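Student: Turn these sequences into a full structure, and let the hints steer you where they fit.
Which chain is which? The protein sequence lines are A and B, in order.
Just so you know, the first sequence maps onto residues -5 to 108 in this note's numbering.
Just so you know, the second sequence maps onto residues -5 to 108 in this note's numbering.
Since the hints were derived computationally from the structure, they do not count as laboratory data.
Where hints are given, some of them may not hold.
[Unchecked claim] No farther apart than 20 Å at their CA atoms in a straight line, the calculated lysine to aspartate or glutamate pairs in the EDC-like style are these:
| hint | chain 1 | residue 1 | chain 2 | residue 2 |
| --- | --- | --- | --- | --- |
| 1 | A | K104 | B | E107 |
| 2 | B | K104 | A | E97 |
| 3 | B | K73 | B | E51 |
All of these numbers come straight from a predicted model, not from anything done at the bench.
Read off the chains here:
2 protein chains.
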Amino acid sequence: MNLLTLTPVDVASCAPEGLGARIERPQAEQLATLLKAIADPTRLQLISYINASNNAEACVCNLTEPLALSQPTVSHHLKVLAEAGLIEREKRGTWVWYSVNQERWQQLAKLFEV
Amino acid sequence: MNLLTLTPVDVASCAPEGLGARIERPQAEQLATLLKAIADPTRLQLISYINASNNAEACVCNLTEPLALSQPTVSHHLKVLAEAGLIEREKRGTWVWYSVNQERWQQLAKLFEV
DNA sequence: TCCTTACATAGACGTCTATCTATGTTCTAC
DNA sequence: GTAGAACATAGATAGACGTCTATGTAAGGA
Chain A
-5 MNLLTLTPVD VASCAPEGLG ARIERPQAEQ LATLLKAIAD PTRLQLISYI NASNNAEACV
55 CNLTEPLALS QPTVSHHLKV LAEAGLIERE KRGTWVWYSV NQERWQQLAK LFEV
Chain B
-5 MNLLTLTPVD VASCAPEGLG ARIERPQAEQ LATLLKAIAD PTRLQLISYI NASNNAEACV
55 CNLTEPLALS QPTVSHHLKV LAEAGLIERE KRGTWVWYSV NQERWQQLAK LFEV
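Tutor: This is the structure in structure tokens:
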């Protein structure tokens, strides 16, 4: 399964019941796609750094230095997160501002409800 | 980072504040290890199938057929989940019974709290 | 118009992962 | 103690992933 070729996912419809029932293959694949997006230390840090910034938004140039990664690498991870719908992208002039999609983030919590 | 060489993780200490603060590298790596364990469609299905079984436990031979996977492949995935502390293993005679570690599962929900 | 800055894309490379077949181990039954 | 059943481990292989360097694109300023 390729992370980058899959479309964003409606989490609420993927796992409306948490672990209450068997998860069948298509839903399991959609959920795994979403979880793969955050199952990376760099991307977890990116999300938390964005969220902890002023106005809970950050541009790429604010993230490369604290993470000690090249700009293309940061862009790559942000793209993965954006394609999973976990962050949002807004271009303002030369800068691109990223923010966490709080609603989608909270939807993920439903998977862990019993 | 190798999933199988890392020791289980205390989730509560990893992400006690959800996204409220920056996640630093060591914690990000521990969390990612845990998330990688469930960021796989087969393992998500295994967890849900185990949990939906009688007494919320299942042996390997109950899981190979519904998932259409070989026995060694199922064993491999169960090992990954067990090493992450997400399922527990109990040998009774010839059979080995696996069950979901509900407490740890719910701890993961804390990551998604705002 | 040209330069600089901010960001994205392309391509390459080493590592990790998911699966398989083959084999080992442990337990029960006869 | 031998045979069979249940499960684990080992080794191999194809594909995916994270990172980099190099390059492209778009916006702003002199």
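Student: For every hint, state whether the structure bears it out.
Tutor: Outcome of the hint check:
At roughly 11 Å between alpha-carbon atoms, K104(A) and E107(B) fall within 20 Å of each other, so this suggested pair holds. Between K104(B) and E97(A) the alpha-carbon distance is near 15 Å, which keeps this suggested pair within the 20 Å criterion. For the given pair, K73(B) sits about 15 Å from E51(B) by alpha-carbon distance, which is consistent with the 20 Å threshold.
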